[in-house]
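Peer 1: Position chain B against the provided structure of chain A, taking the given hints into account.
Read off the chains here:
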Amino acid sequence: MERFVFFGGKGGVGKTTVSCAYAVQSARDGHRTLVVSTDPAHSVTDVFDQPFDDDATPVEGIENLEAMQIDPETEVTRHLDEIRRDLSEQVSAAMVNEINRQLEMAHDTPGAYESALFDRFIEVMRSAEPYDRVVFDTSPTGSTLRLLGLPELLEGWIDRLMYKRRTSIDLFEKAAIGNNEPRRVMDGDPVLARLQERKEFFEFAGATLREEAAFFFVLNPDELSLNETERAVEAMTESGLSVRGLVANRLTPSPDDDEDGRGARYLRERVATEEKRLRRVREEFETPLVAEIETKTSEVKGDLLVEVARALDIETALDAPESA
Amino acid sequence: MTLADRIESFRRTLEEWLRGLYHGMVTHPAYEKIEKEAEDAEDAFILACFPDAFGIPSPVSYYTAELLPYLENEFEAWERRLWDRESYIERKGQQYHF
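Taken in sequence, the protein lines are chains A and B. Oh and the first sequence: position 309 is 309 in the numbering used here, straight run, nothing missing. Oh and the second sequence: position 52 is 376 in the numbering used here, straight run, nothing missing.
Isolated chain A (complex conformation):
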């Protein structure tokens, strides 16, 4: 299995539970593991009954396991503040207001959360030296996973911006006659330098996601979840990322054979419908179903987590280095 493992899926299907279970399994198998959660609603903090924040902290009672919790809102604010600091250093007071408006607009766009999360993910991957494995529990908006498929698009976009910038600087340099100072100079242009930095960032992201990351989708045995997953898998495949497996969570447990009460009949019926849906997954979906997890009556933590981990048929062994 790759170093970076992502779990995605619709909100409420149990991504956090499954990612934590996998992380626990991986840690128990002796790999130094970090689990990264982005979901403010249900997070590693609830699963391990221990507060986590932006810095990786060891999980109490489990060796080799660390966890961290990313809050997209904080990330967006931090990004905004960083730019504001640059702004006050670079820009005259008269223009600050004008530019500030533009700046706030950019951070209110619907994609800002996803961009912030994406940034943070890539940063974590960049500085993942101390870990053998990093498990990502992606946010329920789903666009995060979509964004992970987009580094090429973003890179191309940045490329076009750089081309436009170069064209205009080049023309300004040509337009400076005699001893006139050109209005813009190509050498040391801070805008081009920043765009170049971004371009390299996306290059790294694209390469790492394609070569060192594995993706899993968590689904529930209902029509909506199935359809959603089918679409998501398609989108991922289109952007060149292969989805390694599907995890079916919240399956209804079947009653004992000798029971025939109202509850038992209800359960039996549900199990039958769910079985039909799972069959559809097995037969029609190209991605293999790697785990089937029964629904639990209480929040999954502690021993229950280990139980879920055992039900996951996802290997934790690390890929041998390619040179070996």
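No wet-lab data here; the hints were simulated from the structure. All of these numbers come straight from a predicted model, not from anything done at the bench. The C-beta atom is built at its ideal place from N, Cα and C for all residues, glycine as well. Careful: at least some of the hints might be erroneous.
[As the list claims (entries may be wrong)] Here are the computed distance ranges between Cβ atoms for each label pair: (1) Arg330(B) <-> Asn180(A): 32 to 38 Å; (2) Ile413(B) <-> Asn180(A): 24 to 30 Å; (3) Gln50(A) <-> Phe378(B): 43 to 49 Å; (4) Glu315(A) <-> Pro375(B): 24 to 30 Å; (5) Glu414(B) <-> Leu224(A): 51 to 57 Å; (6) Phe378(B) <-> Thr273(A): 45 to 51 Å; (7) Arg28(A) <-> Glu403(B): 55 to 61 Å; (8) Pro375(B) <-> Leu224(A): 33 to 39 Å; (9) Glu203(A) <-> Glu414(B): 40 to 46 Å.
Peer 2: Chain B in isolation, oriented as in the chain A frame:
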């Protein structure tokens, strides 16, 4: 003043005028044209960076916002040009100085 001197000074004046005319009618308009083109290219760059200023969503506006501190002059000039610009023909026709 000898005839030769008069011819000499006439030639000098003529040369100055010719150079002035050449500069005013040929060189300067040409450079002006290049500069206008450069401004247009810069406007296109800024628009591509911040299309949400016009309500067009962009997947990279979160990232291009990082450039804003370094685009003060460009941003100001861009806004000014947007206010001044009347039509495309007007913009392109400026070089003839009617």
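Peer 1: Now tell me, hint by hint, if it's right for this structure.
Peer 2: Now the hints, each set against the structure:
Remark: the range hint 32 to 38 Å for Arg330(B) to Asn180(A) is upheld by a beta-carbon distance near 37 Å. Distance hint for Ile413(B) and Asn180(A): a CB-CB separation of about 28 Å, consistent with the stated range 24 to 30 Å. One distance hint, 43 to 49 Å for the beta-carbon pair Gln50(A) and Phe378(B), holds here, with the actual separation near 47 Å. A hinted range of 24 to 30 Å is violated for the C-beta pair Glu315(A) and Pro375(B), which are about 45 Å apart.
Range check, Glu414(B) to Leu224(A): about 56 Å between beta-carbon atoms, so the 51 to 57 Å window is met. Take Phe378(B) and Thr273(A): their Cβ atoms lie about 50 Å apart, and the range 45 to 51 Å holds. Distance hint check for Arg28(A) and Glu403(B): the Cβ-Cβ separation is about 60 Å, which falls inside the suggested range of 55 to 61 Å. Checked against the given bound of 33 to 39 Å, the beta carbons of Pro375(B) and Leu224(A), roughly 34 Å apart, stay inside it.
Here the CB-CB span from Glu203(A) to Glu414(B) is close to 43 Å, well matched to the stated 40 to 46 Å.
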